[in-house]
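Participant: Model the placement of chains B, C and D on the given structure of chain A, informed by the hints.
Number of protein chains: 4
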Amino acid sequence: MTKHRLEMFSDGVFAIVITILILNIHLPENTSTQHLGEALKALFPDILAYVTSFILIGLYWIAHHTSFHHIHKVNGVLLWLNMLLLLFVSFMPFPASLLGKYPTEPVPLMIYGINLMAANLVAFLMTWYTCYHPELLTEPFLLKDFRKQFPIYIFVNGSYLAAIIMAPFLPTVSYIIYILIAWILVFYYGKMGVK
Amino acid sequence: MTKHRLEMFSDGVFAIVITILILNIHLPENTSTQHLGEALKALFPDILAYVTSFILIGLYWIAHHTSFHHIHKVNGVLLWLNMLLLLFVSFMPFPASLLGKYPTEPVPLMIYGINLMAANLVAFLMTWYTCYHPELLTEPFLLKDFRKQFPIYIFVNGSYLAAIIMAPFLPTVSYIIYILIAWILVFYYGKMGVK
Amino acid sequence: MTKHRLEMFSDGVFAIVITILILNIHLPENTSTQHLGEALKALFPDILAYVTSFILIGLYWIAHHTSFHHIHKVNGVLLWLNMLLLLFVSFMPFPASLLGKYPTEPVPLMIYGINLMAANLVAFLMTWYTCYHPELLTEPFLLKDFRKQFPIYIFVNGSYLAAIIMAPFLPTVSYIIYILIAWILVFYYGKMGVK
Amino acid sequence: MTKHRLEMFSDGVFAIVITILILNIHLPENTSTQHLGEALKALFPDILAYVTSFILIGLYWIAHHTSFHHIHKVNGVLLWLNMLLLLFVSFMPFPASLLGKYPTEPVPLMIYGINLMAANLVAFLMTWYTCYHPELLTEPFLLKDFRKQFPIYIFVNGSYLAAIIMAPFLPTVSYIIYILIAWILVFYYGKMGVK
Chain A
1 MTKHRLEMFS DGVFAIVITI LILNIHLPEN TSTQHLGEAL KALFPDILAY
51 VTSFILIGLY WIAHHTSFHH IHKVNGVLLW LNMLLLLFVS FMPFPASLLG
101 KYPTEPVPLM IYGINLMAAN LVAFLMTWYT CYHPELLTEP FLLKDFRKQF
151 PIYIFVNGSY LAAIIMAPFL PTVSYIIYIL IAWILVFYYG KMGVK
Chain B
1 MTKHRLEMFS DGVFAIVITI LILNIHLPEN TSTQHLGEAL KALFPDILAY
51 VTSFILIGLY WIAHHTSFHH IHKVNGVLLW LNMLLLLFVS FMPFPASLLG
101 KYPTEPVPLM IYGINLMAAN LVAFLMTWYT CYHPELLTEP FLLKDFRKQF
151 PIYIFVNGSY LAAIIMAPFL PTVSYIIYIL IAWILVFYYG KMGVK
Chain C
1 MTKHRLEMFS DGVFAIVITI LILNIHLPEN TSTQHLGEAL KALFPDILAY
51 VTSFILIGLY WIAHHTSFHH IHKVNGVLLW LNMLLLLFVS FMPFPASLLG
101 KYPTEPVPLM IYGINLMAAN LVAFLMTWYT CYHPELLTEP FLLKDFRKQF
151 PIYIFVNGSY LAAIIMAPFL PTVSYIIYIL IAWILVFYYG KMGVK
Chain D
1 MTKHRLEMFS DGVFAIVITI LILNIHLPEN TSTQHLGEAL KALFPDILAY
51 VTSFILIGLY WIAHHTSFHH IHKVNGVLLW LNMLLLLFVS FMPFPASLLG
101 KYPTEPVPLM IYGINLMAAN LVAFLMTWYT CYHPELLTEP FLLKDFRKQF
151 PIYIFVNGSY LAAIIMAPFL PTVSYIIYIL IAWILVFYYG KMGVK
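Chains as they are written, first to last, in my numbering: chain A, 1 to 195; chain B, 1 to 195; chain C, 1 to 195; chain D, 1 to 195.
Since the hints were made in silico from the structure, they are not lab data. Just so you know, these numbers come straight off a predicted model, no measurement behind them. The beta carbon of each residue, even a glycine, is placed where N, CA and C say it ideally should be. Don't take every hint at face value.
[To be verified] Listing some non-contacts, in silico: residues in chain D with all C-beta distances to chain C over 12 Å:
1) Gly-37
2) Leu-59
3) His-70
4) Met-117
5) Trp-128
6) Leu-143
7) Pro-151
8) Leu-170
9) Val-173
10) Trp-183
[Stated by the list, open to error] In silico SDA-like pairs for lysine to any residue, Cα to Cα no more than 20 Å straight-line:
11) D:Lys-3 with C:Arg-5
12) D:Lys-73 with C:Ser-67
13) D:Lys-148 with D:Phe-68
14) B:Lys-191 with C:Pro-134
15) A:Lys-3 with B:His-4
16) A:Lys-191 with B:Lys-3
17) B:Lys-73 with C:Arg-5
18) C:Lys-73 with B:Phe-68
19) D:Lys-73 with D:Met-126
20) D:Lys-191 with D:Asp-145
21) A:Lys-41 with B:Val-107
22) A:Lys-148 with A:Tyr-189
23) A:Lys-3 with A:Val-122
24) C:Lys-191 with C:Leu-180
25) B:Lys-3 with C:Thr-2
26) D:Lys-73 with D:Leu-136
27) C:Lys-41 with C:Tyr-102
28) C:Lys-3 with B:Ser-67
29) A:Lys-191 with B:Asn-75
30) A:Lys-191 with B:Met-126
31) D:Lys-191 with A:Glu-135
32) C:Lys-3 with B:Tyr-189
33) A:Lys-3 with A:Val-74
34) A:Lys-144 with A:His-133
[Said to hold, decoys possible] Listed next, with one range per pair, are the computed distances between beta-carbon atoms:
35) A:Thr-2 with B:His-35: 53 to 63 Å
36) A:Asn-75 with D:Tyr-153: 18 to 28 Å
37) C:Ala-42 with D:Arg-147: 35 to 45 Å
38) A:Thr-2 with C:Thr-2: 21 to 31 Å
39) C:Ala-42 with D:Leu-170: 19 to 29 Å
40) D:Lys-144 with C:Pro-134: 47 to 57 Å
Chain A extracted, bound-state conformation (with noise of 0.2 Å):
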């Protein structure tokens, strides 16, 4: 496996989840036309859970560009990593039709913290990974500069965390963090460069 046709695998993967989120926006069957406006304006939290989901997944593909970066070589344990985030990430569209449907219910609060987390989780052992194993890398991550990265991951999930456990008690709180994460790293990337 060439780390080039596993990233041209995983950019297909983070291409078509990204495009399908979509399919999670639909009027319900048969709304007339004098309820048209009022289905609409229902649509509004799908249309909220589509924009943060989408920028979410734009992130995902970044970071994973980026963690890519260094690596020359893949073997079977990061490969199966790579599934395993990708199977996080292609999850992602059930998780953000549920939000779009119950903006305000814990539970898919919950599911959707969930799965950000999980999927973070993936990509940080693949980056923990890669710093015992240099014949995969270019040149070597060290430590110390995978823990540059510490306060940036538990800031993230940290807050994932929050957003997880407030969502039985303050869910519009909840989800606002969610939101709030998606813009901050939306500005922290966009501030770092692209590699």
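Facilitator: Then chains B, C and D, alone, in the frame of chain A:
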């Protein structure tokens, strides 16, 4: 982020969105055999919206290619402008399905036009941004060259704006404008040649 | 527009359309366990339409590849003929779903055949156009070489036309023609070799 | 047909099919808020079928890559064997959705197993065919090397056959076999390394 990988990802999104448009076209569940002809005739507006949207997404793809022709490096801003463009392009199957189901209602016509204008605006911003960042280009793209594109931008978006404003009063004219613009752009780009 | 990028985009569309065909095959919502066997048997025509359409789209993909073999440059006309071909290919899941649900009704059989003929006609126009534009080719493709392909074009489209005309009178024969042509072309292309 | 283009097309199909699996997972229309928890619990079998199918399609993708490693040319037979493999792989979302909805019914379990065996058989035929056509390979792939793969083929397909036969009597055991084989193959390929 190399230009190549961003183009591949964007091409993937364009290819997927243009292909899943067809999922908007389906008969109502349990259409009986004797109502088949009738039900198929009722799909004509859906097919018209399908063809128009297919052409418009195809045009966005070609315009995207043309605007990336002189770019050799992508920074954070350009990356996220591109994600925003993909967001608006990926969104199109939804307004297209609305237009197919409610072809004479003003709100779908307005949403369709707003989506098109939003995508155009982002594409415009991307080109405008590169004028001020010659370090991202293979050869500087001068403001005066950019200004040459102004008439076509103004013509297209002005027409869309007219269509949006007219939607509540003359929905048919509004719809015809979207169809006409699509075909005018096909011939405009066809004649201009492809770089 | 380089030939390479247009091929990649077209390949993407072919791959997506051939894969989303499966979305046509699903049980009616709320099929109870005791009606499962029956409901699965009722899907047989859908599966037949699926397999036939899969093969036919695969053939369009191979034919597309073959016809692009000698092309080295793409102009505006060729680009839009290609978009038109992709439009007809992307449309196929809809007639395929009609054929699956109403396999003995004349109208679905006719729509299916018209779609196939339209795609063939555009493919024919693309090849014909390149004969008169040797500047787009790596080596001139002579009219006399093109004429050698006439018998197969006439055989295939003549058969489709016969199937369309026969659909109201002998729907089963009409359907068998589509299936037979698909298999004949598989063996024809298989024997001819692949360039 | 170059090997490269066929691989790209096949990768596209694998990426799409693995990503659209998620479309099988959705709540019944109009699930009320108070039945949300219940409806989500009822989706557990769908999610199990999703994960198992995701892994199995991932394995087909990796196996496809491995078997194309030594191929440098593709002829008509190999091309159509490959199309047949893609047909069976693209078909998988349907048995996966059946298995998700009716996890203890024998017929879905049997269809699922037959689909897996059919795909394996075609993959086996492809490898077997290349043994007798060294002109398609970069270096001859000897029958004795091929024979080394026999035990794993027999183990996997024998297990699937057992699962199919057991489905009407011990559906749970049958299901567990599919899950176990998926995980055994993950570790088998993971340990073997990736070429």
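Participant: Taking the earlier hints as the rules, which of them does this structure contradict?
Facilitator: none
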